[in-house]
Amino acid sequence: MNKALTPRPQMPMGVLKTPFHERMDAENFQQSWMNWNGYASPGVLDTAEFEYFAIRNQATLFDISPMCKFRIKGPDAEAVMNRMMTRDIRKQKPGRVSYVIWCDEDGNVVDDGTLFRRSEDEFLLFCQEPQLLWIKDVAWGFDVEATEVTHDLAGFAFQGPTTAATLRDLKIRDVEEMRAFDIRDIKIAGKRVMISRTGFTGDLGYELVMAPKDALAVWDAVYAAGQRRGARIIGNEALEMARIEAGFLLPRVDFISSQTNLRVNRARTPYEIGLDWLVTFDKPHFNGKRALQRLAGVAPKRKLFAIEISRDKAAHHALVYHRKTREVGFVTSALWSATTKRNIAYAWLEAPFGQIEKDDLWVEIYLQREIEWQRRMERVQIVERPFFVHKRRTATPPLNF
Amino acid sequence: MKYDAIIVGAGHNGLTTAGFLARAGLKTLVIEKNDYVGGAAVSRELQPGWTYSNCSYVCSLLRPEIIRALELPKYGLQVIPYESGATFDSKGNYFNYSSDHDALRRELVRNNPEDADGYERYSRAVMRQCKFIKPLLMRTAPDPTSLRPRDISELLYIGKRFYDLGEREMAETVRFWTMSIAEFLDQYIKSDLVKVHLAGSGIIGTGLGPYSPGTAYVLLHHYMGEVDGSIGAWGFSRGGMGSITKAMALSFQDAGGEIRTGSGLDQFIVKNGRVVGVALENGDEFYADTVVSGMDVRRTFIEHTEEKELPEEFVKGVKRYRFRGSSGKLNVALDGMPSFPAAPKDARFLKGDLHFLDGMEELERAYDDWKEGRWSASPYVDFLIPTQIDPTMAPPDKHYATIFVQYAPYELANGTWDDANREAFAKTVIDKISRHSPDFKDLIVHKEVRSPADIEREVGLTEGNIFQGELTFDQLLFNRPVPGYAQYRSPIKGLYMCGSSSHPGGGVMGAPGANAAREVLLDLGKKIDLGAAA
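Line by line, the protein sequences are chains A and B.
Residue 8 is where the first sequence starts when you use our numbering, and the numbers rise one by one after that.
Residue 3 is where the second sequence starts when you use our numbering, and the numbers rise one by one after that.
Among these hints, one or two may not hold up.
Here's a subset of chain A near chain B, in silico, CB distances under 7 Å, partners left out [claimed, not checked]:
#, residue
1, N44
2, Y46
3, T169
4, R236
5, K398
6, F408
So these bits of chain B aren't anywhere near chain A, every CB distance computed over 12 Å [unchecked claim]:
#, residue
7, K4
8, L64
9, Y124
10, R141
11, T263
12, K310
13, E315
Everything labelled a hint here was simulated from the structure, so no lab data went into it.
All residues carry an ideal CB built from backbone N, CA and C; glycine is no exception.
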């Protein structure tokens, strides 16, 4: 018998626990958990409504540890990011965050994410899908090192109108000067924290990132300080409501990555998604540039629109019709927006609908009322994104509430 | 100066009407006697650092159609729901009404094992009545004596809905509209504490006791906001109730409207049976062919209109219309969060509406005092500390308590509402609360005491009635305020009513204001714009 043969552990099944798990578990009255990237992420802890209103009225903690995270470091880091992204990364100063997308050679969107410039030669990229190989492919021949740090960094979003006041209570002086998309390195409970004024809610808020071993100490300090200002933990359902209102899109919900689609016609360009403002040609070659230049002048075959729907029933999974008869598209995300008192959604519409033909559009909503199903045709109006943004999101110095 | 339309009174209904008229392109002026807008939906800083909801204090009924059409969220309105509430009894027990269905069932069982099922039956009965009446809110009530096609079709609409209920439910509906809340609850609930907790909504703001016929309907009126079908329908207005009227005023001004505060109306100017404008107390005169009064029906027609301009029957009807102020209010700035020894520390229900009662008997005795011209020796209070949820109304760790008090008479048997009586009234209320929260008294930094007489003087609500007139069956629908004049028009051509004296009545709902705007615009050959997606 070979003594060197000892059992190697089998990879665990199902979801893992993030560094914040025990704190979330203690407050998770509904015991509702979702699988986010292999980690247990709360769906709803108490009620989605009250968690949602805490985002718009108080302060909220949401665990973002499961997000995919990558470090890009080296003398050519800027050149690599500039080659990968559609924005001009040379304009992004150290200590700033930008919202980015990147495309394949056909000009289809691979993913979106937030890019943190830590220094002249170091970036952190947070996104939904694994991208290590994509980054390495782009970086081929450049003097740069790309590593996945998903499990090396814990983090939580701290969002809501009383977040700045809570950080003031914690004596975080940087809060006064931090503009939206600024990054600072601070200490909370004696632990090193990267804080950025960013978020997914359209409201005042921050994201805090730290080493997993420091995670609970930082969380506890912020949560305790936030109690006098209404801080509570929230789950995905509440965040989803805020993110739709705030005009943010979700990969795999509103569009699909061109690296994962099975059906070739499912990939989408920035022009179709409505993210053309993220594309600039006034920079050296980048992935998809030639294709995007070609696409820029042409009306897209289909487009994602923000729409408003009559009455108050959210149009989940609804089809969109022209003149109530011809099928011209479908809804991806839908919400009765409690803050704006509007029935809102994102919908894909085939050209020319939404682009030229804007009238006489309808959604077909199915409602179940005490077992019986009803079908409703409701009027659609094309509107602008976002549905909601508050001026406190960008006010500097930030307001107390 | 000549306008297309003038609105008298910058309360939530006046501003709602004004907003719709301005958006329809009318050159519109709002006049207001106070230096600030808001009427009974007002937030004022009387103690530095604290913002009170001086009159109305919770937002449950404001119609989402209005919020949307006037784009109030864009102008700062945000309604935050609150989760639960409780009634404490004098023996150290409490009943916690929770929005969590499972927690509520467990709590009902704790108080009486049969009440969990009884509550489900009660809740279904109330919701059925709500479903019947709610569609009528945003519609003009039909005139049953009229042969106009619109009235006939509206009557048929109501008749059909009624008929569709079926024989048993039709009988239930008629009973419900006319019976007392106490008897209604007796059919379903066993526990005295649970019963009296639920009964509160049946007597708030009304000169009736829990055993008086008609109080079941008052409860229904308060439930209508909760059945919006959407979340966010029941709670606090962030920054106080004044945020509602502030947003309405901004929305109105953005649509080109003009607001003049600081001088009230002296007289409507009437020529040849039609209104031509308004004369203010400061001597200013403004002219318009359309004038809409947000004041209650008595102030509009008895105090500010020459009687000779009005038909006798109408004047009689207005004089007969009952107000009967029955409630007072305390607004209190607190140095910290008061404790409630009967509740677990940090109990979540402390964030909601709190009451202190043993049973229906105590409530009825409280009503008896009112009939005798005294404030209740042991009053019903609707006590909330909104600063546990709303971070904008007090400095951190400090709190604001809004205390609605039922009953307080408009006319006191022992004299007038002078400072001594106001202070004694406040003492009665504070003493009662202190029995359940011993440190409450010592935490008081400042208090505002409002008797029905104060509410009448400051806000302009006759006899301090918070609904601009009792919500009893004889004063509802096509009888509100006066039979034949329920469609927002008055006997004087061009003069309209948009206040809560008209259908569907009070509560910060805005429905009378929106309905009045629709009628005004209809007469001008225009259409109300409830938003393209409405």
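Results for each hint:
no.	hint	verdict
1	N44	29 Å, violated
2	Y46	27 Å, violated
3	T169	5 Å, holds
4	R236	6 Å, holds
5	K398	10 Å, violated
6	F408	4 Å, holds
7	K4	35 Å, holds
8	L64	10 Å, violated
9	Y124	19 Å, holds
10	R141	16 Å, holds
11	T263	26 Å, holds
12	K310	45 Å, holds
13	E315	41 Å, holds
Comparing the model with each numbered hint stated earlier shows that hints 1, 2, 5, 8 do not hold.
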